[in-house]
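Whenever a hint applies, use it, and build me the whole structure from the sequences.
Chain residues, written in single-letter form:
Protein chains: 2
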Amino acid sequence: MVEALLSGVGASRVLTDRNSRGSYARDQGPLTEPAEPAVVVLAENVDEVQHVMRCAHRLGVPVVARGRGTSLSGGAHAVPGCIILSLERMNRIIEVRPQDEVAVVEPGVINADLNLAAAPHGLMYAPDPASHAISTLGGNVATNAGGLRCAKYGVTRDSVLALDVVLADGTLIHTGHVTFKGVAGYDLTALFIGSEGTLGIVVGITVRLKYLPVETRTLAAFFPDLPAAAAGVLAIGAARVQPAILELLDGNTLAILDAAFDSHLGERGDALLLVQTDGFGAAAEAAVVQEVLRAVGATVEAEEGAEAGMLLDLRRNARGDGVDDDFRVGEDVAVPRSQLVHYAAELERIARDLGVRLRLVAHAGDGNLHPTFWVPRDEGVAGTSRLHAALDESVKVALGLGGTITGEHGVGQYKLKWLPWEQSPDVIDLQRRIKEAFDPRGILNPGKAIS
Amino acid sequence: MVEALLSGVGASRVLTDRNSRGSYARDQGPLTEPAEPAVVVLAENVDEVQHVMRCAHRLGVPVVARGRGTSLSGGAHAVPGCIILSLERMNRIIEVRPQDEVAVVEPGVINADLNLAAAPHGLMYAPDPASHAISTLGGNVATNAGGLRCAKYGVTRDSVLALDVVLADGTLIHTGHVTFKGVAGYDLTALFIGSEGTLGIVVGITVRLKYLPVETRTLAAFFPDLPAAAAGVLAIGAARVQPAILELLDGNTLAILDAAFDSHLGERGDALLLVQTDGFGAAAEAAVVQEVLRAVGATVEAEEGAEAGMLLDLRRNARGDGVDDDFRVGEDVAVPRSQLVHYAAELERIARDLGVRLRLVAHAGDGNLHPTFWVPRDEGVAGTSRLHAALDESVKVALGLGGTITGEHGVGQYKLKWLPWEQSPDVIDLQRRIKEAFDPRGILNPGKAIS
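Protein sequence lines, in the order shown, are assigned to chains G and W. Each residue of the first sequence is one higher than the one before, counting from 1 in full-length UniProt numbering. Each residue of the second sequence is one higher than the one before, counting from 1 in full-length UniProt numbering.
If you're looking for bench data, these hints aren't it; they were derived computationally from the structure. For every residue, glycine included, the Cβ atom is placed at its ideal position computed from N, Cα and C. Possibly wrong hints are sitting among the right ones.
Unchecked claim - Label-pair restraints from in silico Cβ distances: (1) W/G442 x G/D169: 18 to 26 Å; (2) W/S385 x G/E436: 43 to 51 Å; (3) W/I93 x G/A283: 34 to 42 Å.
Said to hold, decoys possible - Stretches of chain W that chain G covers, calculated by requiring three or more beta carbons in the stretch to come under 8 Å of a beta carbon on chain G: (4) 6-12; (5) 33-42; (6) 52-65; (7) 141-155; (8) 397-406.
Laid out in structure tokens, this is it:
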């Protein structure tokens, strides 16, 4: 296999040494089935990706594509004997077209770098996962990544217009349209987005850019407890104001941030709603938000310039204390907005009942919650079994409220066990038929996302 | 077959008489291959739809689903010997959930009726095809319908969260999620949206509602000619203001509206940009729009209340003078925004060169143009051959500029001839494989959308 790969990719970018294989073996998600890749290929262009897929297809070898490996669900974990196809070197911004309000990028471009390139034109790429400074657009596409600004601006799928995709047999296709609208044929673009590398390898991405807001206003609303803050989210909704950012942080998260960054958030309350309005109506919207949040008992302060930016950066770093493992898992459920208060209370109950620690951040405007459960490492198996019981219960309760097992991280490898709790056998079967139509030999990221 | 159908659907709703079959034989699109259905079934619930599909699947009979038959591409035209499965009687709004900001509807609900139900809660269903008063949400989903407000609020796909779908063999599945975000498994919801009844029959639709704007401002900007108005669209974009509505109407359209509705638009200029801003920033945005449009030579007037509504109603009726046929066809291309000025000029050139009449309306904010070409009926074949040459040329030029053959109407039956101009054989083949995976017997709206 290595010989076949070398016939189309430079030797210095076909890595078989133990160190390389080890360092590309996993992403940031919990790891249930450790595996080693046979080889790591650092592709630099579309031809090389096609070459890798042709080899893999001929030889029946599994291929796991990855960007920077920031997945939180194990979507980029190696499978035994696979080719890791790293796209991190395909990191060129091909073009930014200010009049068309689109950009064309390679999959290895970092999310934040595209925003840096778009900003001088008064444009932005809206979906901003908390990992925006380290995650690639290819990875964002693979998981249909969300982020902070999604409540107003939508998720990755809503910003992607067209894709270049290398199929399982090496065929290169182009899906979608550069125009904002287009309905010719099936929506293959949407089908590839979120398919976690199981249907094809995305090698080019055309995105729609949105307008950089002319103005933003940031409010920090502190509440005496978590359910009160969750109720604040509903109060903003009832006022029919759509913030660009509406993040909820619980007291444990504030304590961790204060310890890590020497801030003093915990002194101001036991739960924080971080609200940003933007655009021409930013000030008027912020005024309404302030009024309704005060009416439900919040202490609301307008944050200016650097301070506001710092608060948002803190939020983006709220999960940033390492890789998930057996003793700590960050979850990613979503529930209908009306259930936020109830679900927040349920999370606290679950943690209490099962004796695990909990902290919570949430893209509250979307009803997308990231509870992190953890147990002391020295408890060993006793701790991890309580941890997993809490995770299972939190997912079960979310589904019972009409929620989903994953709002934005993807199923990957780790959440496969929960997929049949959400989807019927008929739906799972239909997805397998699609997979079979795209990848009859089953070489694209097998055992992930759907099966 | 009729006997089989009667075993699960009331006799009064299984129509075999000539009149009924005739009146359900076509939609509002151009008709290239007239055909008669064998039978028309007026389904009233999901069980009946499942029964129809089970019968059709067993007997290998084609099924063409339809709502109100307002398609402009022939997606709902009968195919020979088919069952027409009308969903117009499945028109209940199951629920509007104001706190969750979602609604659940049957496919036969009229778009405007959902908006009437949502408005008391301060909510709206954003996608508003010009046919919103007569077209069904099932039809909107089938074609991924666009509309006037899409520049800001997105198309149908961006507002649909979940679907209930009856598959070719009668199996009922549920796709998607009630939550705003959700990435479990493949995006089957997006795959069904825009598939024009070729992958399954949509029997339930869960939509996300958006906030009714607190304020709107409407501007009418008149220009001396069409290219100047198209340049106005780019000027608004360059100012990075996102109107909710940004419609372009040419002089011939104004003349037709004036004749039909006794208005006097044509006296004010030879091209009109109709701009509506909305939300908390509506006034500030309108002020910027007014300034930039005046700077490029427009006469801009703010329209108040009833007048503004009348102008928008006129625009929605701009195509409303009958069904397309051999002598008149309305097109639906989209081009990248930067090409609007050039493409508008090209359309005028094509009409001139080929001796056909032209009028143009456009969802200009999206680069989605609806030129209507027509020739005098008494010219017979000579006229229609010039008409078709103009249509072909207008599509070819749009594609050459990076555009698409259909921005929002769908491929249906009429635009199949142009699909290979836009999509590669590999993409068309991939879509056929998807179709095969969903509908192995090929009974769902055969010969439409992709093949």
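With a C-beta cutoff of 8 Å, work out whether three or more residues of the stretch 6-12 of chain W approach chain G closely enough for the coverage to hold.
violated (count 0)
For the hint 34 to 42 Å, verify it against the beta carbon of W/I93 and that of G/A283.
holds (36 Å)
Would you check chain G against the stretch 397-406 of chain W, counting CB to CB pairs closer than 8 Å, and say if three or more residues qualify?
Contact hint for the stretch 397-406 of chain W vs chain G: holds, 5 residues under 8 Å.
Can the stretch 33-42 of chain W be counted as covered by chain G under the rule of three residues or more with Cβ-Cβ separation shorter than 8 Å?
violated (count 0)
Given a hinted range of 18 to 26 Å, is it respected by the beta-carbon distance of W/G442 and G/D169?
holds (25 Å)
State whether the coverage of the stretch 141-155 of chain W by chain G holds or is violated, taking the criterion as 3 or more residues with Cβ-Cβ distances under 8 Å.
holds (count 7)
How does the coverage statement for the stretch 52-65 of chain W fare against chain G, requiring three or more residues with Cβ below 8 Å from a Cβ of that chain?
Per the Cβ count (0), the hint is violated.
Do the beta carbons of W/S385 and G/E436 sit within 43 to 51 Å of each other?
holds (45 Å)
Checked against the numbered hints given earlier, the structure breaks hints 4, 5, 6 and satisfies all the rest.
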